[in-house]
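K.L.:
Model the full assembly from the supplied sequences, consistent with the hints where possible.
Residue numbers are given in the numbering used here: position 423 of the first sequence equals residue 433, and the series is strictly consecutive.
These are calculated hints, taken from the structure and not from any lab test. Just so it is clear, the structure is predicted and the values come from calculations on it, not from any experiment. Idealized CB from N, CA, C, for every residue including glycine. Errors might be hidden in some of the hints.
[Said to hold, decoys possible] Here are the simulated distance ranges between beta carbons:
1. GLU299 x LYS214: 35 to 43 angstroms
2. GLU187 x ASN397: 40 to 48 angstroms
3. ASP43 x THR124: 21 to 29 angstroms
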Amino acid sequence: MKQQIADRISKNLENFFKEKGISPEINPTRPPDPSKGDYTLNLAMPLGKVLKKPPLLIAETIAEILAEDKKTFESVEAVKPGFINMRLANSFLEDQFDSFVSSPSLLEASKSETPKRVIVDYSSVNIAKQMHVGHLRSTIIGDVIARIIESLGDKVIAQNHLGDWGVPMAMVIRKAESAIDKAIAENQNPEDVLDTPMLEAFYKEATAECKSDPVEAAACHDYLIRLQNQEQKLIDYWQIIKKVSMRDVYKIYKLLGVRLEPENERGESFYADMLPEIVEKIQQKGLIEISDGAKCVFLDEFKAKDGTPLPVIIQKSDGGYNYATFDLTALHYRTNTLKADRIIYVTDARQALHFKQVFAVARKAGLVPEKVMLEHVTFGSILGEDNKPLKTRDGENVKLAELLDEAIKAAYQVVDDKNNTLPEEYKQQVAKMTGIGAVKYADMAQNRNNDYVFSFERMLALSGNTAPYLQYAHARICSIFRKTDFIPSDAKVIISAPEEKELILKAMEFPLTVKTVSEDLKPHTLCAYLYDLSTLFSSFYTNCRILDCENENQKHSRLALSRAIQRIIKKGLGLLGIEAPEEM
RNA sequence: GCACCCGUAGCUCAGUUGGAUAGAGCACAGGAUUCCUAAUCCUGGAGUCGCAAGUUCGAAUCUUGCCGGGUGCGCCA
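P.N.:
This is how it looks when you write it as structure tokens:
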């Protein structure tokens, strides 16, 4: 829409600009207050300098030229410092809206002309640990980023960088060994005997023991060597443990509506064999120095506490590898094998320095060509009441499964209260959609860079700028269409009330909003947009009768408008990974 | 010590190529339902945009300094 207006303006002012020998950028925006106009142009102020004339005079000249284009503008007005306020002709708006609505995806206007291959690395759960609130943000923000980029025509390859290798795994295997053997001896499937809480307990026991008992520590180290050498017996145990653990993870993904699948799993184990080769590549570039026995890359731009250069450790003094090497190897795989054009990491802000270093080393070592975009999407921490990273009273992480369960229960209370004539089964479905939606939306509706203090009250609030508000607007529209046979596919929207005009103007901002999120990767912009749109719809709904209005044409027009808004809300919520119930 | 993030209404937060009177929600006060879902809508009060200087027609936004909070900084991920 904005583009269409900009095109019209450019065309009208072509001669004027040519005369003056200038070609300024045309960027019409919505004014702060609708009483000023539908769109405004902030052009005369900057031109005032160039042309050495009072901005208001320039604005008046431009307004006069534009006002002649009666097809596009109802009126154009120059105002105090030099703003040019435009009121669009209804017929122009109606035509624009008509072609906007006829796009099946509603996003045609902003699709990329040259599809890219985009890697999104998110969730990154650890094997043998239950998912907790700490995994929530990466998982849902990553999922949304993937959905949005994909919706604009790019090829998204999601990568779940599992923590499934190294010392922790060795320790769990050592502890789980006897339980697995016992199950097999008793003719049971070990996968049925084990569960994630057990694995987590094994891990905790082992860490405690290794800390206090050198013999145990040595034993675990022995397991690590055997695992790294891929001894079949250990690999078998490892497979079982991984399967048990991921079984629970997928339950939560499914509940959350997150689309990660086994095919997206590229854990540390996947890269284990490639590590030496990557170290070799970096070494060949002459970047490696030995420091305290470890292979390091020193980069001038990173300094340590004492001002000395900060190393990126590529290989530890004991010959082992750590996370920088895994990430460098993954970068190499993603550019060379997966042919990525853009690689996006969704992890918390505390890893910012780590990724800066890894990206810098990867560029310097030629593992990633310059044209490949590397982005770290950071987010703040979820804090407890004490403003420290959230823990339960016993110092445990809050389990995601329990949190989500509680959200659904709270949502059920509301559904039951507000609409208890709905069939029981449907009430439960709605509770799930609104409860899960509320949790996800509460997290995504604010700028991801900020920390926030966790509270059920906040996450489960069902009024104001929340998922249920958007879902409710959607359900009300669907309700209208249950009461009519009319299908508004070929009805054109005719503007007859100010609420309709505002709604149409906002609706047509949808493609640009999505496009913006695909670039700056800030989903809260889309949340804010959908909330604005829903607010305008609610206002329209209470002030304009739809089914029983003055005449058939108006009824059809309003139905067509309602249908369009319903499609946008559904599509928008879909991009946020939130479901839109038809009744609630 | 150095680096990054943050500081906007009582609370939670929006607000970018610098633009008009700084906006929402929650909370608070009042009003709206013979009518398409009131999980709604309408009206109202509420602000030294952390502080100070600078850049200019114009600064919450850009620059510098300071104050306050958080995070990170060699073999954990």
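K.L.:
Quick one: which hint numbers does this structure break? Sort them smallest to largest.
P.N.:
3
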